[in-house]
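**Student:** Work out the full structure: start from the sequences and follow the hints.
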Amino acid sequence: MTSSLDIFLNAISTGVVLGSIYASIALGLAITFGILHIPNVAHPALVIVGAYFVYLVGQWGISPIPAALIGLPVFYVLGMALYSFYSRTFERKGQANVLQSLTLFFGLSLVIEIAIALFFGSELKSVDADYVGSSLILGPITMPYRLLVPALFAPIMISALWLYFNRTHSGTAIRAVAHDDRALSISGINPTWIKRHAFGIATATAVVGGAALIIMGPVEPFAGRFQIGRVFAIVVLAGMGSIPGTLVVAIMIGIAESFVSAYLTPSWSPGVAFAILLLALGLRPQGLFGAAR
Amino acid sequence: MKRNNLIFALGAILILLAGFFAPSIVTNPFYFFAGYVIVQYIVIATGWNVLGGYAGYINFGAAAFFGSGVYLSAFLFNAFGLPLWVGIIGAAALGAILGLAMGYLTLQIQGVYFAIATLGLVIVLETIVHNLPGLGGARGMAVYGPAPPEWSGGPVQYVFFVILIIAVACVALARWIEHSWVGRGLRAVRASEDAAECSGVPTLKLKLVACSISGAMLAAAGAPYPFYTNFVEPVTAFSLLIGLNAIAMPLIGGTRSWAGPIIGAIILASAQQIATVTISSELNILFVGVVLIAFVALAPNGLLGLAKRKSAGTAQ
Numbered sequence: 001m002t003s004s005l006d007i008f009l010n011a012i013s014t015g016v017v018l019g020s021i022y023a024s025i026a027l028g029l030a031i032t033f034g035i036l037h038i039p040n041v042a043h044p045a046l047v048i049v050g051a052y053f054v055y056l057v058g059q060w061g062i063s064p065i066p067a068a069l070i071g072l073p074v075f076y077v078l079g080m081a082l083y084s085f086y087s088r089t090f091e092r093k094g095q096a097n098v099l100q101s102l103t104l105f106f107g108l109s110l111v112i113e114i115a116i117a118l119f120f121g122s123e124l125k126s127v128d129a130d131y132v133g134s135s136l137i138l139g140p141i142t143m144p145y146r147l148l149v150p151a152l153f154a155p156i157m158i159s160a161l162w163l164y165f166n167r168t169h170s171g172t173a174i175r176a177v178a179h180d181d182r183a184l185s186i187s188g189i190n191p192t193w194i195k196r197h198a199f200g201i202a203t204a205t206a207v208v209g210g211a212a213l214i215i216m217g218p219v220e221p222f223a224g225r226f227q228i229g230r231v232f233a234i235v236v237l238a239g240m241g242s243i244p245g246t247l248v249v250a251i252m253i254g255i256a257e258s259f260v261s262a263y264l265t266p267s268w269s270p271g272v273a274f275a276i277l278l279l280a281l282g283l284r285p286q287g288l289f290g291a292a293r
Numbered sequence: 001m002k003r004n005n006l007i008f009a010l011g012a013i014l015i016l017l018a019g020f021f022a023p024s025i026v027t028n029p030f031y032f033f034a035g036y037v038i039v040q041y042i043v044i045a046t047g048w049n050v051l052g053g054y055a056g057y058i059n060f061g062a063a064a065f066f067g068s069g070v071y072l073s074a075f076l077f078n079a080f081g082l083p084l085w086v087g088i089i090g091a092a093a094l095g096a097i098l099g100l101a102m103g104y105l106t107l108q109i110q111g112v113y114f115a116i117a118t119l120g121l122v123i124v125l126e127t128i129v130h131n132l133p134g135l136g137g138a139r140g141m142a143v144y145g146p147a148p149p150e151w152s153g154g155p156v157q158y159v160f161f162v163i164l165i166i167a168v169a170c171v172a173l174a175r176w177i178e179h180s181w182v183g184r185g186l187r188a189v190r191a192s193e194d195a196a197e198c199s200g201v202p203t204l205k206l207k208l209v210a211c212s213i214s215g216a217m218l219a220a221a222g223a224p225y226p227f228y229t230n231f232v233e234p235v236t237a238f239s240l241l242i243g244l245n246a247i248a249m250p251l252i253g254g255t256r257s258w259a260g261p262i263i264g265a266i267i268l269a270s271a272q273q274i275a276t277v278t279i280s281s282e283l284n285i286l287f288v289g290v291v292l293i294a295f296v297a298l299a300p301n302g303l304l305g306l307a308k309r310k311s312a313g314t315a316q
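Taken in sequence, the protein lines are chains A and B.
Residues in the first sequence are numbered from 1 upward in steps of one, following this note's numbering.
Residues in the second sequence are numbered from 1 upward in steps of one, following this note's numbering.
Don't read these hints as lab results, they were simulated from the structure.
Incorrect hints may have been included.
Claimed, not checked - If you want the footprint, here are the derived chain B segments under chain A, 3+ residues with CB under 8 Å:
| hint | segment |
| --- | --- |
| 1 | 116 to 123 |
| 2 | 243 to 251 |
| 3 | 294 to 306 |
The structure displayed is predicted, hence computed values, not measured ones.
Virtual Cβ for every residue (Gly too), placed ideally from N, Cα, C.
**Tutor:** Pasting the structure below:
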């Protein structure tokens, strides 16, 4: 017998957990778009690449979390290569034009999706771990571990990144490059190097996001499409570049979606993030945690 | 200029005549099936370019306008039996209203934010259509069009001729915009919105005009679609491929001139038609993606830009 209070409590806890998973997917974009101002629409597609990486490594009997750790350096290098291509094409010729860089990443995300579909086939892929399949029961709240475990990724990554950005020299340089890259080069640091490094970190978070996604449920090559709206909504709403804000907003969106699923029907929930984003862009474009532009 | 107008008008009439008499010469209906898609993309690319190319506002949401055109004309026909031309005008009006709303959005947001907001429009509209049983929901709905007129030679030939008329009208309008004060004003907006505003260009008015014309064209492109496929469903009507092609085609042809989107649409849509028949639809998207990346990286001003650079090179 489930009372209305039970439904309410479950909707909230599911929302918090889902939101935290969304945060781990959006985190890379919070760095590339929020800090470096590169509109990397391909980030969700990279997250799917991350999920397939975890799946592939899992074929050798390595469970998802160590697989994601193995993926970190691989994706860091991949991200640096991606940034090198981007900066060769655009930034050397002066300020990159929004249309061109958006189109580049848009095209890239399609190419990535199709490449995965051709390589792995378009059927669903999933991973196996001890905790998948069982649930944590806390009074009226039932929480499957396949949601709870990946929900822990975002807080861990965000704390690590916060420490890195605020307590280390190169982290400070990343924040500085967003402000004024000429001033940074005067102080003797190569801004292109720093941006490449930051893009590498952002791409490395994609493998963790991908691990979260594939632990949560089976993944197919085009799953990134449904995330584009959500992750941009999160990054913009959080206020450009606010890393802790990303988690807060992601959880808010997760709760909103889970309420819509619980009280309306699940088929309305894809529109929720975008409806919130459209409203927010109309009313408060600088985001909830950003300074006024 | 006057002579050019005359040549353009003659060309437009010739194309319409060719479209009118084509069914009596070309008997294989496949060419009309394939041709419909190509001409439809000419309308979409032209419509997108009015805002994206001239004013520099990137609309990722072409599919939102296209899809609302598709659904409006399908709904008007299925519910009230209204003829196709009412559907086209209705779709254009709906697209213009949506475009106007999008234009007011540009007051608040520019650049990347605008592009993402337009992407949002697609998802929101798709979700709404998905959940309205009156529009068939996720299952879609069948549209059994009326018998085509005697002279047209068949249903496919008829919708082909209809989309051809829309295309000629849209290209003529885009060409007029480009050469008039509207186009000059929009170019100023693209170069620098603040500078344009300071020199007395009515930027808001121009943007609203461009957004509504662009929206009207994109929605009108969708209106005959239900009569082409006889079936509408949310996933194809709001397909990502439409939004992608709407950007890719002008970029490949060249965004500065009305001819660019036509060139891009003909090249890319023909290639896709061949690819869909001979290979697979997945490779089709891969192909668009690769072409898009190549053009953005190597020839940002499109084929027309390349041609211009070459002729400038030989003149020196």
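**Student:** Does each hint fit the structure? Answer for all of them.
**Tutor:** Here is how each hint holds up against the structure:
| no. | hint | verdict |
| --- | --- | --- |
| 1 | 116 to 123 | holds (count 6) |
| 2 | 243 to 251 | holds (count 4) |
| 3 | 294 to 306 | holds (count 3) |
Every hint from the earlier list agrees with this structure, and none is contradicted.
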